[in-house]
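S.K.: Residue numbers (this note's numbering), protein chains in the order written: chain A, 3 to 107; chain B, 222 to 391; chain C, 13 to 270; chain D, 2 to 391; chain E, 49 to 455.
FYI, nobody ran anything at the bench for these hints, they're computed from the structure.
Incorrect hints may have been included.
Derived DSBU-like pairs: lysine-lysine, alpha-carbon spacing no greater than 30 Å straight-line [said to hold, decoys possible]:
{"id": "1", "chain 1": "E", "residue 1": "Lys217", "chain 2": "D", "residue 2": "Lys60"}
{"id": "2", "chain 1": "C", "residue 1": "Lys48", "chain 2": "D", "residue 2": "Lys196"}
{"id": "3", "chain 1": "D", "residue 1": "Lys311", "chain 2": "C", "residue 2": "Lys186"}
{"id": "4", "chain 1": "D", "residue 1": "Lys313", "chain 2": "C", "residue 2": "Lys191"}
{"id": "5", "chain 1": "C", "residue 1": "Lys202", "chain 2": "C", "residue 2": "Lys105"}
{"id": "6", "chain 1": "C", "residue 1": "Lys50", "chain 2": "D", "residue 2": "Lys160"}
{"id": "7", "chain 1": "C", "residue 1": "Lys27", "chain 2": "E", "residue 2": "Lys115"}
{"id": "8", "chain 1": "C", "residue 1": "Lys96", "chain 2": "C", "residue 2": "Lys193"}
Only a predicted model underlies this, so the values are computations on that prediction, with no experimental measurement involved.
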Amino acid sequence: MILTPLHLCLLLSSALFCIGLIGALSRSSSILVLLGVELMLNAANLNFIAFWRYGPNPAAGTGVLFVLFSIAVAAAEAAVGLALVIAIYRHQRSIRLQDARRLKG
Amino acid sequence: MTGLLIIALVTLVPAAVAMALRNVIHSALLLILSWAGIAAFYFWAGAEFLAFSQVLVYVGAISMVVLFAVLLTRHTRTDGGVAPDTLGRALAGLLIGGAVLGVLFGAVLSTPLPIGSKPAAAVTVHGLGVELMERHTIALLVVGVLLTVALLGAVVLAASDSRSGPEDAR
Amino acid sequence: MLGSGLLQGLKVTAKNIAGSFHDPERLVTVEYPEQKTKLPENYRNFPFLVSENATDPMGTLRCVACQICEKECPPQCIYIEKSKDKKPDAAGKMQVYPAVFDIDTSVCMSCQICVEVCPFEAIKMDQVFEIATTDRFNALLLDRNQLAKPNSYYHQIHPTEAAEVDGRLLAERKAAEEKAKAAAAAAAAKAAAAAAAPKPVATPTATAGAPGAVAATVSVAKPATPPAAAPVSATPPAAAPAASPAQNAPASDGKAAP
Amino acid sequence: MSNSGLEFPAPVGGSHVAAVHDPFHGDLLEVSMGPHHPSTHGVFRMMVTLDGETIVKLKPVFGYLHRNHEKLGENTSYLASMPYTDRLDYLNSMTNNWAYALAVEKLAGQPVPERAEYLRVILAELTRLLNHVCLAGFLLQDTGASGTPLMYAFREREKILDLFESLSGSRMMCNYQRFGGCRVDASPEWLAGAKHITDNFGRFLDEYEELITGNEILMARTQGVGALSPELAISAGITGPMLRATGVDYDLRKVDAYGVYSRFNFRVPLGDHGDTYDRYMIRVLEMRESITILQQALRDLPAGPIMDPKAKIRGFRPKAGEAYGRIEGPKGEIGFYLISDGSPNPYRYRVRPPSFVNLTVLEDMCLGQTIADAVIILGSVDIVLGEVDR
Amino acid sequence: MNAMPGIFAAATGADSLLERWPILFRDTVAGFFPAPLQWLVGSLISILAIVAIFGGVFAALTLLERKMLGRVQNRPGPNRTGPFGLLQPIADGIKMLTKEDIVPRSADHLLHFLAPVALLAFSILTFAVIPFGRNLVPLELDAAVLYFFAAGAATELAIFMAGWASRNKFSLLAAMRALAQLISYELPLLLSFVPIIMLAGTLSMTGIIDQQAGWNFGFIPKWYIFTPWGFAAFAIFLVAALAESNRSPFDLPEAESELIAGHLTEYSGFKYALFFMAEYFGMIALSGMAITLFLGGWRAPLPFLEFIPSYLWFGAKLLGLLLLFIWIRGTFPRLRMDQLTRLAWKFLVPLALFNLGTAAFWSLTSGWSGPLQLARWGVAIALVVVPFVLLGRGLSRGVAPRTYRFA
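Throw the hints in and build the complete structure from the sequences for me.
M.R.: Structure (C-alpha cells):
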C-alpha cells in the first residue's frame, strides 16, 4: 500500500490524540488533564486541515473555517476550565482530581 | 515530506514529554512548543492565517492562562507538580491510550486514501473573510456569544469567593 | 480632562530638553576633571598644621602639643606625642612641640572642632579633596611632615580668615611683648634694685622674636623671604644644641629666677 | 506607639522565606524588601507578607545603621556631639544642630544674640526647602519617574547646598550651630545669594508642580494610598508634615514659637485625608510658606554679634540639671534630652528622632495596599536611616 | 482607485537608484549563486541586513536614550567614551560581554538560559513582515499583521520564563505581572488596529500602506492618523504598545523601585544584554508597526519630498516615535498593577470598541461630500471625544487635584 501525505497527517494527528488521551487519563493534576484534553482537540483540528488540504475541494476553505471556530471554542474551554481549576483549588486547596470529590464547595 | 516529519517530531515529542513530567510549568512550556509545532503544520499545509491564529490563541493566550493557573494554584514554589500519580492509574491510561492508538493507526493504515494530487489552492484572508461573513454568519455569531459567555463565566468562577467572607473561605 | 496633566508634564520636560541646549540653568552639571567649581573660602576638608614658613616647616610649627584637639576630636583621629625638649616658637618663647602628630584621615570627619578649640591657631582646615589612594591604611594616616603646611598656604586657601588670625596673633604677640617688656622692665628694676643680674637671656630672645613675627605676617605673599627666615634661622642655634640635658636647665633657670 | 505596636524584629532566618499558608488569604508570599533594595531609602528592611501583591503583614526591620549615637554622646563633650548630630538626619544637619544647641542652651541658660537667631531661622528654613524638595524628588523616584523629578529637585537642592558650603564649609555635615550662637557670620554676599535663591525657588516650585502635581498617574498612585487617621497619628506620636497631612494643626514653630519664629508671618497648611498625596502636597505648600519666612527673615536680619561673648567653647561644663530642646525639623519634632551632672560630658543624651517615630505607623498605613504602594508610602514617611537607627 | 495619482507621483521616486539599490544589491549578490540557492542567499542577505542594521540601531538607541534622558534631567548624559560619548555602546557591550555570567544555584538552568534567547528570537521574528521601504519587505505575507502579533505575543512568555526560572521572589512577582500585563494589553492592541484592517480590507502590510498613498488637497497625506478614528486608534495603539514593550510608564515587570529589577534580577553579563536588546527590538518593531498602520509606512509626508528614499522616511518616522517613547519615559511615573489592568479593561478596550463603530461610520459615509463632509468629520470627532471624556471621567473617579486649608 502507499503511504500518502494524508496518511502521514492522519497518523500524526492520531498519535497526538493518543498522547493527549494518555495524559488526560493517567495524570491527576487537573491542569494537566485539561492540557491533555486540549491536545486531543488540537489533534482533531489537524485532521480537519489534513482533509481540507488533501480533500476534493481545498479552495472552499471550510476546513480552515472549522478549525478557526474550533480554536475559538478551545480558547473558551481553556478559560472556563482553568477558572474551574482555580475555583476548585480555592475550595479544596488542591488541584488533584481525586481531592475534588464533593460537588459542594 | 521531510518537513512534515520534522513538524511531527516537534509536535509529538514535546507533547509526550510534557505528559510525563512532574513539573507542571515545564509541561506547560513544552506544550507551548507542541502547539507551535501544530501551527507549523498549518503553515506547511498552506493555511497561514490559521497558523498565526493558532500561535496567537494558543501561544499568546491559552498558555498564559495555563501558566497563570499553575502559579495561582501552587502550594509552594518548589513543587510545581502535584502528588505522584499511582502506578495503576498510569498503566491504565497507557493501556487505554495504546489501544486507541492501535485502533486508530490500524484504521488509518488500512484505509486507501486518495493521493493528494493537486497543490493546495491557498485560501486568502480575504476569501476566508467573505466566506465567514456570508456562509457562516450564524456560526460566527454563535461563537462570539459563546466566547463572551465563556469569558464572563470564567471571570465569575475565578473571582468568586475569595473576598466575599469567611463562610466561603472555610 | 483625562490626560491634561500628562500633557502638561510632557511640556515641562520638553522645555527642559530644549533648554539644555542653550540655557545654562538647565544644564547644570560640571564636567569634573576638566572643569572645577571654585571652592568657597570656608570649604573645609581635612586638618593641616600651620607652620610659620615653608623652608623649615618642622621647626616653625605653631603647634605646642597641648593635646586639646586630641582630647576634643569627636572620632579621636588625632594622635599626639609631646616632645621631650623645647624649641622656641615664633614668638621666641620656648615651647614643647609635637614629636608625633598623626591624623588618620580615614577616621576624620572634617568637623573642624580641632580648629575651633586650638588656642594657638596651629591647626587649620585644608581644601585638598582629591586624596583618593589605592592604599587603605598607610596613605591615609598622615604624619606631621605631611600635615605641616606654611602659613602662606593658609593665606592662599582662606585669605580673610588667615588675615584675621594673623592680625590676632600679632596683637597677642604685641601684647605679650609689651608684657614681657614691662616684665623685663620690672625685672630690670628689680635687678637694679637687687644689683645682681645672673640671667639676661630671656629678654633678648623675646625682643628678637617680636620683629620676626611681624616680618612673617607682613611677608605672607612671598614665603621664605630672607627677612622672615632671618629671625627663625637665628633661633635654631639656640634650640638645636638644646638637647635633653640642656632642656632642664632653662626650666630650672626660670624657676630659679623669681 | 502605634495601635499595632512596634515589634522588635525577631531573628530572621531561612524559615521565613517559605510561602505561608493561610486559609483566609490563600497562599502568602513572604518577601524581604531590603536591606539591599533600591527604594528603602538606605539599609531599611521590610518583611512583607503578600497575598498576591496585597500586603497582609509588614514588619519593619532596622538597626543596620546603628552607630551608638546616644552612648557616644554621653562619652564625649557637649561640643563634640555637635558634629555627630549632623549625621543623624544627614539631609538636615542645620536643624539637628539647632535642636541640639537649643537643648544645651536651655541646660546652661545660655542666651543667643539676635542675629544668630535670625541666621538660625534662615538656615532652618533653607534646610526645610532642601529636605522637602528632596522628598518630592525621592517620592517621585519611588513611583518610577525615571529620575527626572529627582534631578530637578536635586538641581535646586544643589544651590542650597552650595550656600551651606560657602557658609559652614561643608555641604551636608554643616556643624554650624554653637551653644550661644553660630560659628561663622554670613557675609553680605552670602545673604544676597540666599535672597536670590529664595526669590527663584517659587518659580522652580511652579515648574515642578506643573510637571507632577497635576499628573493623573501620580494622583492615581498616591490619592487614597496609605491613609493615616488623625487619631492614630496623635496616639503614635507622629509629628511634622505627616501629622499635618492628617489635618491636625500642630507645628512647633507656632506651638513653641522658639527662637524668633513669633516674629514671622506664615501659615500652616493642613491636609484632610492623610494619604500619600496629602503628605506630598503639604510639603510642597510648606515649601511655599518657608519662602515667605525666608523673605521676611532676610529682610529683617539685624546686625550684631553672632556669638554670645560669654559663651565658652573650651571647658564647657553646664551646671547639673536636665533640659529638652525641640524644634520643628523638616521631618517633624526633632528633640534632644540632656541630663547634666556638671561634668564636661552629658550624663544622659537622648534623641527624639522624627523619622523613627513616624516610621512606627508604617504597617498600619501599608496593610491592604499593594507592594508598589508600600514603596511610596515609605517614601512619603520621609525617613533617613541615619536618624532611625542612630 | 483613489490612490492612483499618488502612485503616479511616486513613480518618479520609485525608479531612482537610491530607492532600488538594496534590492539590486541583494539580487546581484544572489545572482552569483546557482539558481536553487538564490532564494536562500537572498533571504540570508535580508536577515543579515536586518540584524546588522537593527543591531546598530539598538546600540545607537541605548546611547540616544541615555543622552535624551540626560537632557531631560539637565545633564549631558554619557560623554566620556569617545567624542560626545559616541563609543559608549561599544564600551557597554565589552563590559557586558566580559562580565561573569551568574546563574543562581537553585535556578532552573535550562529555562534561565533559554529565556533571553527566546525573547530575542521572538522580537527579531517580528521584523520579518515590516516594510522598511518601498519593496523592502523581508517576508511578504497575506496575513502579515496577524503574523506580527502572533510573534509578538510570545515575548511575554519569555519574560515569564526568565522570572520563573530565576527562583527569586521578585522575579516571580515580575513574571506574574508580565503575564497579567500581556493578557490585558493584547486585547486593546489588537482591537486598536481592527478598524484599519476593516477599512483597508487587507491584512497585508503592503496593502495597508498602499491604501494610505496620496494626499488630500495635495498636502495632507492620506494616512490613517489624520482621521478622527485613526488618531484615536493610534493613541490606543501607542499606549498598548508601551505596555507591550514594557516601557515606562508600564514597566511594571521590571519596576526598579519595587521589584529591584523584576525578571532581570538574577541575570548578569551577556544574558542581561540580550534582554535589553530584545526590549529595544520589541520597541522598534512596535514603532515600525505603528508607522505602517497609522503613519503611512515609508511614504513621504509631502509630494515634493518624494525624492528622498523611502527607507529614510521610515527611519525618520521610527526615530520620531522612539524619541516620543523616550520622552514619555523621562516624564511619567509608573502605574500600579491594578491601575494598569483597569486602564486596559475599563478604558482602552471600550474605547477601542467605540472606535470600531466610529470607523464603521466613517466607512459608511465615505460618499458624503461638501457640507456633509464637514458633518462627517464632526460626528466622527464627537464619536471619538465623547467616549474618551466619559470613560476618562469614570477612570479617574475619586482622583482629582485638591485644595488645602491653612491653620
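S.K.: Please go over all the hints and tell whether each is borne out by the structure.
M.R.: Hint by hint, here is what the structure shows:
no.: 1; hint: E:Lys217 with D:Lys60; in the structure: holds (17 Å)
no.: 2; hint: C:Lys48 with D:Lys196; in the structure: holds (25 Å)
no.: 3; hint: D:Lys311 with C:Lys186; in the structure: holds (24 Å)
no.: 4; hint: D:Lys313 with C:Lys191; in the structure: holds (25 Å)
no.: 5; hint: C:Lys202 with C:Lys105; in the structure: holds (22 Å)
no.: 6; hint: C:Lys50 with D:Lys160; in the structure: holds (14 Å)
no.: 7; hint: C:Lys27 with E:Lys115; in the structure: holds (16 Å)
no.: 8; hint: C:Lys96 with C:Lys193; in the structure: holds (29 Å)
In this structure, none of the earlier numbered hints is contradicted; all agree with it.
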